[in-house]
Structures are given as structure tokens and as C-alpha cells.
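Protein chains in written order, with the UniProt record's numbering: chain V, 1 to 316; chain R, 1 to 260.
Keep in mind the hints are simulated off the structure, nothing from the lab. Any given hint could turn out to be false.
List of simulated lysine to aspartate or glutamate pairs, EDC-like, C-alpha gap at most 20 angstroms [what the hints assert, rightly or not]:
1) V:Lys-179 <-> R:Glu-174
2) R:Lys-176 <-> R:Glu-73
3) V:Lys-145 <-> V:Asp-130
4) R:Lys-130 <-> R:Glu-116
5) V:Lys-179 <-> R:Asp-181
6) R:Lys-176 <-> R:Asp-188
7) R:Lys-130 <-> R:Glu-174
8) V:Lys-179 <-> R:Glu-242
9) R:Lys-28 <-> R:Asp-15
10) R:Lys-200 <-> R:Asp-188
11) V:Lys-58 <-> V:Asp-248
12) R:Lys-200 <-> R:Glu-182
13) R:Lys-126 <-> V:Asp-130
14) R:Lys-176 <-> R:Glu-190
15) R:Lys-126 <-> V:Glu-183
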Amino acid sequence: MPPGGADTAEPIRAIRLKHPGRIVFAAVLLLMLALFVIDAAQREAYGWDNLAKYIFDKRISQAALNTLLLTIYSMAIAIVLGVVLSVMRLSDNPVVKGVAWLYLWVFRGTPVYVQLAFWGLIATIYSTIDIGIPFMEPWLSFETKNVIDVFWLAVIGLALNEAAYMAEIVRAGILSVDKGQEEAATALGMGWLLTMRRVVLPQAMRIIIPPTGNEVISMLKTTSLVAAVPFSFDLYGRARDIAVEIFDPVPLLLVASAWYLLFTSILMIGQYFLERRFSRGVGQARDTRRVGTATDVIPTVTGSVTTADKAEGDGR
Amino acid sequence: MTGTPTSEVPMVHADRVSKSFGSLEVLKSISLTVNRGEVLCLVGPSGSGKSTFLRCINHLERVDAGRLIVDGELIGYVERGDRLYEMHPREAARQRRDIGMVFQRFNLFPHMTAVENVAEAPIRVKGMKKDDAYARARELLARVGLASRADAYPAHLSGGQQQRVAIARALAMEPKLMLFDEPTSALDPELVGEVLQVMKQLAESGMTMIVVTHEMGFAREVADSLVFMDGGVVVESGDPREVLSNPQHQRTRSFLSKVL
Ligand SMILES: Nc1ncnc2c1ncn2[C@@H]1O[C@H](COP(=O)(O)OP(=O)(O)OP(=O)(O)O)[C@@H](O)[C@H]1O
Ligand SMILES: [Mg+2]
Numbered sequence: 001m002p003p004g005g006a007d008t009a010e011p012i013r014a015i016r017l018k019h020p021g022r023i024v025f026a027a028v029l030l031l032m033l034a035l036f037v038i039d040a041a042q043r044e045a046y047g048w049d050n051l052a053k054y055i056f057d058k059r060i061s062q063a064a065l066n067t068l069l070l071t072i073y074s075m076a077i078a079i080v081l082g083v084v085l086s087v088m089r090l091s092d093n094p095v096v097k098g099v100a101w102l103y104l105w106v107f108r109g110t111p112v113y114v115q116l117a118f119w120g121l122i123a124t125i126y127s128t129i130d131i132g133i134p135f136m137e138p139w140l141s142f143e144t145k146n147v148i149d150v151f152w153l154a155v156i157g158l159a160l161n162e163a164a165y166m167a168e169i170v171r172a173g174i175l176s177v178d179k180g181q182e183e184a185a186t187a188l189g190m191g192w193l194l195t196m197r198r199v200v201l202p203q204a205m206r207i208i209i210p211p212t213g214n215e216v217i218s219m220l221k222t223t224s225l226v227a228a229v230p231f232s233f234d235l236y237g238r239a240r241d242i243a244v245e246i247f248d249p250v251p252l253l254l255v256a257s258a259w260y261l262l263f264t265s266i267l268m269i270g271q272y273f274l275e276r277r278f279s280r281g282v283g284q285a286r287d288t289r290r291v292g293t294a295t296d297v298i299p300t301v302t303g304s305v306t307t308a309d310k311a312e313g314d315g316r
Numbered sequence: 001m002t003g004t005p006t007s008e009v010p011m012v013h014a015d016r017v018s019k020s021f022g023s024l025e026v027l028k029s030i031s032l033t034v035n036r037g038e039v040l041c042l043v044g045p046s047g048s049g050k051s052t053f054l055r056c057i058n059h060l061e062r063v064d065a066g067r068l069i070v071d072g073e074l075i076g077y078v079e080r081g082d083r084l085y086e087m088h089p090r091e092a093a094r095q096r097r098d099i100g101m102v103f104q105r106f107n108l109f110p111h112m113t114a115v116e117n118v119a120e121a122p123i124r125v126k127g128m129k130k131d132d133a134y135a136r137a138r139e140l141l142a143r144v145g146l147a148s149r150a151d152a153y154p155a156h157l158s159g160g161q162q163q164r165v166a167i168a169r170a171l172a173m174e175p176k177l178m179l180f181d182e183p184t185s186a187l188d189p190e191l192v193g194e195v196l197q198v199m200k201q202l203a204e205s206g207m208t209m210i211v212v213t214h215e216m217g218f219a220r221e222v223a224d225s226l227v228f229m230d231g232g233v234v235v236e237s238g239d240p241r242e243v244l245s246n247p248q249h250q251r252t253r254s255f256l257s258k259v260l
């Protein structure tokens, strides 16, 4: 595509269309926001002094770390378990399939809050863990509440619930992969598991990553439910406790919200880059010979078409 | 090319093979034999069961009746006494290793480069050492004229190049039999020749091949025998030049008049 030959038409420089409605609407919104901010700044209930005092409080930042750890651990377990469950659901073996179906039925059919409360009671229901032959003297016996603390109970509760949702996401990803891929691998003598691991799952990633990013963000917020276990060293639990201590709930809600917002913002940025990475042209369409994705080279309204073409050419 | 002694077991022996999908009978008692080093071209109208027959040969589909025997070994079942037992998937996979298959839509693994596509199965299935497998994969790619494109992803290759990579990928398992299911039907006309050229070389090197194709020129030039299928039965078979120039059956004649 050689730009600027003698007979190329000159780039279009049109006067941009005006949208007066938008400007008016934006002005009204800005005005309302300003009013709200001025009003809020003067209201006692927001307790701005307490907000400033507690936003970087040691207990709060420690709790924020706990919330982050809860999110990371439970998501990590949920992803692994979700992959296993989805592969089980797609298996030919009716027993394996049935087990996966049952799991999904139970864990998606009950509220996560209730499940967390159950995990909290596990030490009451099963006070000892015995290892050995049933109905015989156990070889090893533990007091349940000594082996596992509430933090890990919270992680287990969140992870097992999330795994059911991850399984559906992974399944959708697997089903999106062309049937011919599995067939080609099978024809090469690759077994079913090997085919899944080497051929199908890597391609399913493109479909799996974006909703998984959403799940991570959603999980970060769901961790505030661990009060059901009860685990109270997470961000929201800690903020609530301090609020009770100083009889001032609103600023601590704002403190917690600010931290949650910070984390979700970081995660959203991360998700953006992950998505870009995994959506890179790996499609099998015959006409995808372009290196970048099409959206990389959409010409801007003001720029001329020839510069956009050049940018694409340089990208190769 | 068929200088093999008749006492030797044929590479493929189909004995009254039948296959149905539900109530639809797709293959009706197909019998045919392919000897070692022979090239058999399978032609017929759409829906006549050509693909299904190929897929039965490497047990991607199971046959309902009859026997498929490749290199003296029954495909998909184990015969003990006078009973047939379903084969364990591991065994079926072992049988497939020796049978290469090339698809109409290439089915290359899009997340792997050409050389990775070719080396994948030797490494994972045969347990070949990585370095050896890659060296061999590059050799094979050179053989199909793609030495310089070895590190390209399938999406950056033309259809003809992709199909040649697919052929190299199948050859990497050192199969004794190659199945081609309309290998050039998805290609732009100007790319057909390069793929047929590779297949011709392969035939000349002594590979046993079953090729489903509409390329009658290839059949005439390369095939040792030609089978015309319609409605799940073998209508006519024989020397390709004979069948193509002097078809005996009305159905063969009307089909050939459409594709020639
Ligand atoms: N998995 C399946 N389930 C049900 N019917 C099938 C299946 N696979 C193939 N068929 C049917 O079997 C018949 C034969 O199909 P097949 O693909 O073998 O034909 P073909 O000769 O290869 O045709 P084409 O030239 O179009 O590729 C068709 O009517 C098809 O609809
Ligand atoms: Mg077909």
C-alpha cells in the first residue's frame, strides 16, 4: 500500500459534527456533582477527620493485605478446581460427569454466605479428623480446630464456591475450540488428557481470561462476606470493628471502599493487559495475515487515512 | 509401483464395513484392499460417505459391521476366540500413531508455530527428545518446501503452506499409512498445485495412501486404483485411467461429467 502516489485522493478534512446536547448534559452533571461535594464536605456524619486518621491505619492496611490474600488464595484454588471440574463435565465417563454435575448443583444452588457459615461450623460438626480404616481405632487423629484456622476455612469456603462458577467459564472456553483440533490431536495418537492439556485448553484461554478477570474482581468484594465464618480480619470486618470502637460508622465505610476501589482499579488494569495478550491473532481464519489486532489501527477521526495505513505497515 | 508379493498382507483391508448414524446408513458393506506402497483415490458425490470411511480407518468413528484391518491388525476391536472386545482408548491411540491423517481444513494447532506443530506428537506421544524432534521437524518442513517458514504461526501461512505443514505433522509420526480427506478442497485454485506436488512426491517415496479428492488429474497421474463411491456403496473401482476414460456405470458417468 504505497501512500501518496500521484493519483491518490487527498485525505478527508471535514468539519467535525457538533453535539451541543452532550455539552449541556455534562455541564448539568458537573454542577450537581459540585453541589454534592460541597455539601458532603460540610456534613458531620461523613467524619472526614476520622477518615484521614484511619485510611492508612496499621490495622486497616493489615486487613487490606488479608483481603488480598483471601482473594488470591481462593481464586488460585478455584481456577485449578474449576479446570478439573469442567474437564470432568466434558468427560465420556458418566460417573466422573455425574460427580461434577452434583458439585455444581450444590455449590451454585446455595448462597455463598450460607456455605461460609457451614465451613465455620465444620469444627463443630466434625470435631476430630481420623485417618485409618473406618470403624477401627484410627492411626492418626486431629482436633479439627487445631489443624485449620478460620482464615483457611474462609479460603476454602470462597474457593469451593467460586470453583463451580469457574468450571462453567472454563467449559465455555473449551467448547469454543474448534472440534477439528481435538480430532487432529486424536489422529496423531494423542490421548484425551494430553489433547486437553496441550491443544484444547491453551486455545480456550482466550475465551476464559476475560470472565476470569471479572471473577477475580468479584471475588475481592465477596471476601467481605467472610464474617459468616466468622473471620473478621479482612478489610470490611476490620473497618466495622473500628467503627464500633469509635462510634463512627460512615468514615470507616469510606475507608474500606477506598481500599476496595484501589484494588479493583489495579485488577482492571491488569485484566486489560492480559486480555490484549491473549487475544493476539491466533485464529485459524485464512485471511488473518495481519500481525496486530484490527483495533490497533483504527484511524482516528482527525487523522488522515493514509497515516493509519502507514502505521499498520510499520507495525509489521 | 505394486511390485509387492501377493502373499504379503495388504496395508488396508476393508471387509464389508458398514456404519450408520442413527437410522442413516452411511456406509453399506464397503470392501476394498490397498496394498503396500499403493495410492488409492476415493471419489464420489458429497454425502456418499468418503470422509466417514476414512475416519473409520483410524477409528475416529467405530464401524457397526464388518472388519477393518490395517497391516494385519484389526482396528478398534480385539478379537479373542470368536468374541470381539472394545479396545481400550490407549490401544486405539497406539493404532492411530501409525496412521497419518490430513484434513480438508488443515486443523493445525494455531497456538504453535509450524515446527512446534510438527514436533508436538513425536515429543508427547513417542517421548522423543526435544532437540531430536525439532531437528527432525525442520527436516520434514524442508521436505515439503517450508524450511524458511518453520517458525511462523499457522495464521501467518497461506492455505497451501498450512496444508503442507499438516502433511509434515502427520509424517512426523512415521506412519505406515496416510489418509487425506479432500486436502485441497479448501484451497484457492492457485495453491492446489503445491500441495498435490508434495503428495505426489510422497507417493513416489513409496507411502501407502488413501486420498479422497476431486482432483481427477492427480488420480489419473498418481493413483494405482480409483474407487467411486455413491450412497455408501462402492459403485465402481479399478485402474484410474480405465475408470476415468471408460466408466461402466451410469452413476459414475454422471458424476465424472460434473467434476471433469
Ligand atoms: N457425526 C455424524 N452424525 C450424523 N451424521 C453424520 C455424521 N457424520 C457424517 N454424517 C452423515 O453421513 C453422510 C456421509 O458423510 P461424509 O462426511 O462421510 O460424506 P462425504 O462423502 O465425505 O461428503 P463430502 O464430499 O461432502 O465431504 C452425510 O449424509 C452426513 O450428513
Ligand atoms: Mg467429506
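To see whether the hints hold, each was checked on the structure:
1. V:Lys-179 <-> R:Glu-174: violated (24 angstroms)
2. R:Lys-176 <-> R:Glu-73: Cα-Cα ~13 angstroms, so holds.
3. V:Lys-145 <-> V:Asp-130: holds (13 angstroms)
4. R:Lys-130 <-> R:Glu-116: holds (10 angstroms)
5. V:Lys-179 <-> R:Asp-181: holds (16 angstroms)
6. R:Lys-176 <-> R:Asp-188: The hint is violated at about 30 angstroms.
7. R:Lys-130 <-> R:Glu-174: holds (16 angstroms)
8. V:Lys-179 <-> R:Glu-242: At roughly 39 angstroms apart (the allowed maximum being 20 angstroms), R:Glu-242 and V:Lys-179 break the hint.
9. R:Lys-28 <-> R:Asp-15: holds (11 angstroms)
10. R:Lys-200 <-> R:Asp-188: Holds - the C-alpha atoms of R:Asp-188 and R:Lys-200 are around 19 angstroms apart, at most 20 angstroms.
11. V:Lys-58 <-> V:Asp-248: holds (18 angstroms)
12. R:Lys-200 <-> R:Glu-182: holds (15 angstroms)
13. R:Lys-126 <-> V:Asp-130: violated (44 angstroms)
14. R:Lys-176 <-> R:Glu-190: violated (30 angstroms)
15. R:Lys-126 <-> V:Glu-183: With Cα atoms ~18 angstroms apart, R:Lys-126 and V:Glu-183 stay inside 20 angstroms; holds.
When held up to the earlier numbered hints, the structure conflicts with 1, 6, 8, 13 and 14 and fits the remainder.
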